[in-house]
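Please take these sequences and the hints and turn them into a complete structure.
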Amino acid sequence: MPQANEMVAALLQEYADLLQIAGGDQFRARNYERAAKSVAGYSGDVALLDAATLRQIPGVGTSIATKIIQFQQTGTIAALEDLRATVPGGVREMTRIPALGPKRALQLYRELGISSVAELSAAIDEGRLRDLRGFGPKSEDKLKHGIELARSLHQRVPLNVASDVAERIVAAISAVPGCERCEHAGSLRRFRETIGDVDILAAASDSGPLMQAIIELPGVTEVIAHGDTKTSVRISTGHPAQGGGIQVDLRVVPLECWGAALQYFTGSQAHNVAIREIAVRKKLKLSEYGLFQAETGDLIVSGTEEAVYRRLGLEWVPPPLRENTGEVQAALRGDLPVLVQVGDVRGDLHTHTNLTDGVGTLGEMVGVATARGYEYFAVTDHAPNLFMQRMTLEKMLSQRDQLRGLEARLAGDGDPVMTLLHGTELNIGADGTVDWPAEILAGFDVCVASVHSHFDQPRAEMTRRFLRACENPEVNIIGHPSARRIGKRPPVDVDFAELFRACAATGTALEINASPGRLDLPSDHIKAARDAGVKFSIDTDAHATGHLDFVRYGVGTAQRGWLSTDDVINTWPLDRLREFLRKGG
DNA sequence: GCCGTTTTCGGCCCGACTGTTTTCAGTCG
4 MPQANEMVAA LLQEYADLLQ IAGGDQFRAR NYERAAKSVA GYSGDVALLD
54 AATLRQIPGV GTSIATKIIQ FQQTGTIAAL EDLRATVPGG VREMTRIPAL
104 GPKRALQLYR ELGISSVAEL SAAIDEGRLR DLRGFGPKSE DKLKHGIELA
154 RSLHQRVPLN VASDVAERIV AAISAVPGCE RCEHAGSLRR FRETIGDVDI
204 LAAASDSGPL MQAIIELPGV TEVIAHGDTK TSVRISTGHP AQGGGIQVDL
254 RVVPLECWGA ALQYFTGSQA HNVAIREIAV RKKLKLSEYG LFQAETGDLI
304 VSGTEEAVYR RLGLEWVPPP LRENTGEVQA ALRGDLPVLV QVGDVRGDLH
354 THTNLTDGVG TLGEMVGVAT ARGYEYFAVT DHAPNLFMQR MTLEKMLSQR
404 DQLRGLEARL AGDGDPVMTL LHGTELNIGA DGTVDWPAEI LAGFDVCVAS
454 VHSHFDQPRA EMTRRFLRAC ENPEVNIIGH PSARRIGKRP PVDVDFAELF
504 RACAATGTAL EINASPGRLD LPSDHIKAAR DAGVKFSIDT DAHATGHLDF
554 VRYGVGTAQR GWLSTDDVIN TWPLDRLREF LRKGG
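What the first sequence shows, in the numbering used here, is residues 4 to 588, in sequence order.
Calculated directly from the structure, the hints in this document are not laboratory data. Among the hints, erroneous ones may be present.
In silico DSBU-like links for lysine-lysine, alpha-carbon gap of 35 Å or less [as the list claims (entries may be wrong)]:
1) K288 / K106
2) K40 / K286
3) K147 / K40
4) K288 / K530
5) K106 / K491
6) K106 / K40
7) K106 / K147
8) K40 / K288
9) K145 / K491
10) K233 / K145
11) K491 / K147
12) K141 / K233
13) K141 / K106
14) K285 / K233
15) K145 / K40
16) K398 / K491
17) K491 / K40
18) K586 / K398
19) K40 / K530
20) K106 / K145
21) K106 / K233
22) K586 / K530
23) K286 / K233
24) K233 / K40
25) K530 / K285
26) K288 / K233
27) K530 / K491
28) K285 / K106
29) K40 / K285
30) K233 / K147
31) K286 / K106
Label pairs and their computed distance ranges (CB to CB) [unchecked claim]:
32) A463 / Q59: 23 to 31 Å
33) A55 / G241: 51 to 59 Å
34) H229 / R375: 36 to 44 Å
Please read these numbers as outputs of a predicted model, since none were measured by experiment. Note that the Cβ used here is the ideal one computed from N, Cα and C, for glycine as well.
Okay, here's the thing in C-alpha cells:
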C-alpha cells in the first residue's frame with residue numbers, strides 16, 4: 004500500500020475511535036472506520052488524488068475527501084487534532100483492554116480522570132473503581148486480568164500457528180458424538196496475514212456436549228465465556244513464541260442453519276454489514292440463523308452460503324475477498340474474479356537446500372515436490388554475495404550436475420515426471436547489482452533476486468536499487484519484495500508504484516512469498532501491482548521439506564489480492580513459463 | 001458522514017454473553 008494510504012488510514016481510524024469514545028453519532032464513527040479500511044486497501048496513491056477521484060473510494064464522500072486533501076497539504080487533519088484535545092490518547096489505548104469499550108473508558112475518564120492504562124491499573128489497586136456505577140467486583144477482576152493480557156500475551160499470531168490450532172480443535176470437536184459438521188471460519192478462513200482469535204463453527208442438535216468438550220481440551224488455560232451455544236477459551240498454541248496462547252470461539256448451530264452461520268462467522272464484519280444492508284433493502288433479515296422475511300419472520304434460506312448470497316442477488320463471494328472493499332459491488336454485478344487455487348500451482352520457483360541455509364538435501368526437497376504432484380520445481384540456493392552462505396561457483400555447478408542427474412532418474416525411460424529447474428536466489432546489493440557475471444547467470448533456468456541487507460536506505464535510493472534489479476535481463480522474480488518480517492521488521496521504503504511499473508515493463512515477476520512470517524508481497528499491494536500489469540510467482544522460499552506446504556498461505560494471500568491464474572506465472576504450463584523467463588530476450 | 005432496485009432525506013446489521021441493572025447496557029464479533 005502506498006505510504007500515504009497507510010498514514011491516512013491510520014488517521015481516519017484514530018478519528019473513528021475517538022468519535023466512538025466521545026459519543027455522539029455512532030454512524031459517523033462507523034463510516035470513518037469504513038473509509039479507513041477502504042483507503043488502506045485502495046490501489047492508487049491517495050497522496051496524488053484530487054477530491055473527485057477520492058470520492059470514488061467506498062466510504063469517502065465530500066467531508067472525508069476534504070480531510071484527505073488537507074492531509075496532502077498540511078500532513079495532518081485539523082478536526083482530528085481538535086478531537087485529540089478532547090479525548091486523551093491514553094483513553095483510546097484503554098479501549099484495547101478486553102471488556103473495556105468506549106463507553107466505560109469515557110466513564111472512567113470523566114468520573115475518575117483516568118487517562119492511561121497505567122492510571123487505570125493504579126486506580127484498581129487503590130479500590131477507586133468500587134463506587135463507580137456499573138463497575139462491580141467482577142469488572143475489577145476482568146479489567147485487571149485484561150491489562151495483564153494486553154501487556155504481555157494478547158498478540159496476533161501467524162497464519163500457520165492459528166491454522167494448526169484450528170485443525171487440532173476441528174478434529175477434536177468433530178469427534179464428539181452428535182457433532183454433524185465442524186469447520187473454522189473467521190479471519191483464518193479469509194487468510195488474513197495474522198490471526199487475533201480462531202473461530203470454530205459446529206453443527207449439532209444438542210450443543211451441550213460440544214460446549215463441554217472444548218473447555219476440556221488439553222492446553223485450555225482459561226474459559227472466557229461459557230453459554231448454551233457459544234464458548235470462548237484461551238488455549239496454548241504449542242508454539243513457544245506465543246506463550247499466552249490464543250482465544251478460540253466455538254459456536255454451535257443446528258445443521259439447517261449451516262450456510263447462514265458459516266457466512267456470518269467468516270466475516271469480515273464490514274462485509275457482513277454491507278450484505279445485511281442489502282437484505283434490509285429487500286425487506287429481508289439476515290442473521291446467523293438464516294435469511295428471513297423481515298415482516299413475517301418466515302425462513303427463506305439458510306442451508307448453504309451459496310443459497311444465501313444467491314437469494315440476495317449476489318454471486319458467492321470467496322472468503323479472502325470479504326472485506327467490503329469492492330467485492331460486494333462486484334458480486335452484485337456478477338463480476339468477481341475467478342481466483343487462483345492451490346491446485347492451480349504447477350511448481351515452486353523459490354526453494355533452498357542444505358547446500359546453503361536449508362535443512363533438506365536436494366533429493367529430499369525434490370522427493371517431496373514430486374509427491375505434491377508438481378510439474379516443475381526450481382531449486383534456488385543463495386548466491387556468493389550473501390557471504391555467510393559460503394556459496395561458490397564450483398558448488399553451484401556441482402549442484403546443477405546433481406540436479407540434472409536426479410531429473411534423468413525421475414524420468415526413467417519415459418517422459419519426465421517433473422521438470423527440475425536450476426535457479427538461484429541472488430542478493431540485490433545496495434546499488435542494485437547482483438551476484439555473478441551475466442554469462443554465469445545465463446546458465447540458470449530461473450533467477451530470483453532479493454534484498455537481504457541495507458533495509459534502511461532512503462526511498463529514492465531504495466527505488467533505484469529495485470529498478471536496477473528489474474532491468475537486469477537475467478532477473479526473473481523479485482523475492483519477498485517488501486523484505487518485511489511480520490511483527491519483526493518493517494517493510495523497506497520503496498516507491499511501489501515505480502516498482503510495479505518497472506516490473507510490468509521489463510517482464511519481471513513479483514514474488515508472493517508464502518512463508519507465514521513474510522507473506523510478501525503483502526496482499527494490500529497485490530491488487531495495485533496487478534492493475535499495473537505485474538505478474539506474480541507464488542513461492543514458499545522453503546528451507547525444509549515441510550515448508551513446501553506453506554504454498555496455501557501464499558495462494559490465500561494472492562486471493563486476497565484478487566489474482567487469477569493468468570496473473571501467476573507458476574500456474575502456467577512449462578512452455579509458457581519458459582517464455583516468460585526469457586524476458587523477451 | 002455516506003448513500004440510493006422504494007430514498008438527495010432518513011436511514012444506517014444482528015445476536016450471544018456478562019455483570020449488576022430488578023429490566024438492561026455494554027462489549028464483542
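The hints, checked one at a time:
For the proposed pair K288 and K106, the alpha carbon gap of about 28 Å is at most 35 Å, so the pair holds. Among the hinted pairs, K40 with K286 is consistent with the structure: their alpha-carbon atoms are about 28 Å apart, no more than 35 Å. A hinted pair counts as satisfied when its Cα atoms are at most 35 Å apart, and K147 with K40 qualifies at roughly 31 Å. With a C-alpha separation of about 33 Å, the suggested pairing of K288 with K530 holds against the 35 Å cut-off.
This hinted pair checks out: K106 and K491 have alpha carbons roughly 33 Å apart, not beyond 35 Å. A hinted pair counts as satisfied when its Cα atoms are at most 35 Å apart, and K106 with K40 qualifies at roughly 23 Å. The hinted pair formed by K106 and K147 meets the criterion: a straight-line CA distance of about 18 Å does not exceed 35 Å. Restraint check for K40 and K288: satisfied, since their Cα atoms lie roughly 25 Å apart, inside the 35 Å limit.
Annotation: proposed proximity of K145 to K491 holds, straight-line Cα distance about 30 Å (limit 35 Å). Taken as a hint, the K233 and K145 pair is honoured in the structure, with Cα atoms around 19 Å apart against an allowance of 35 Å. Between the alpha carbons of K491 and K147 the distance comes to roughly 28 Å, so the proposed pair stays at or under 35 Å and holds. Taking the CA atoms of K141 and K233, the gap is near 20 Å; set against the 35 Å cutoff, the hint holds.
With a CA separation close to 17 Å, the supplied pair K141 and K106 stays within the 35 Å bound. Between the alpha carbons of K285 and K233 the distance comes to roughly 30 Å, so the proposed pair stays at or under 35 Å and holds. Pair hint K145 plus K40 holds up; C-alpha atoms about 30 Å apart against a cutoff of 35 Å. With a CA separation close to 33 Å, the supplied pair K398 and K491 stays within the 35 Å bound.
A C-alpha spacing of about 23 Å is found between K491 and K40, which places the hinted pair at or below 35 Å, so the restraint holds. The straight-line distance between the Cα atoms of K586 and K398 is roughly 27 Å, inside the 35 Å bound, and the hint therefore holds. For the given pair, K40 sits about 15 Å from K530 by alpha-carbon distance, which is consistent with the 35 Å threshold. A C-alpha spacing of about 16 Å is found between K106 and K145, which places the hinted pair at or below 35 Å, so the restraint holds.
Of the supplied pair hints, the one linking K106 and K233 holds, its CA atoms being roughly 25 Å apart against a limit of 35 Å. Simply put, K586 and K530 have alpha-carbon atoms about 22 Å apart, close enough for the 35 Å limit, and the pair holds. Taken as a hint, the K286 and K233 pair is honoured in the structure, with Cα atoms around 29 Å apart against an allowance of 35 Å. Using a Cα cut-off of 35 Å, the hinted pair K233 and K40 holds, with the two alpha carbons roughly 29 Å apart.
Only pairs whose Cα atoms come within 35 Å are accepted, and K530 paired with K285 is accepted, the gap being roughly 32 Å. Restraint check for K288 and K233: the C-alpha separation of about 22 Å stays at or below 35 Å, so the hint holds. The hinted pair formed by K530 and K491 meets the criterion: a straight-line CA distance of about 24 Å does not exceed 35 Å. At most 35 Å may separate the alpha-carbon atoms for a hinted pair to count; K285 and K106 meet this at roughly 33 Å.
At roughly 26 Å between alpha-carbon atoms, K40 and K285 fall within 35 Å of each other, so this suggested pair holds. For the given pair, K233 sits about 24 Å from K147 by alpha-carbon distance, which is consistent with the 35 Å threshold. Taking the CA atoms of K286 and K106, the gap is near 32 Å; set against the 35 Å cutoff, the hint holds. A C-beta distance of roughly 29 Å is found between A463 and Q59, which places it inside the suggested range of 23 to 31 Å.
Look at A55 against G241: about 52 Å separates their beta carbons, and that is inside 51 to 59 Å. Between H229 and R375 the Cβ separation comes to about 42 Å, which falls inside the hinted range of 36 to 44 Å.
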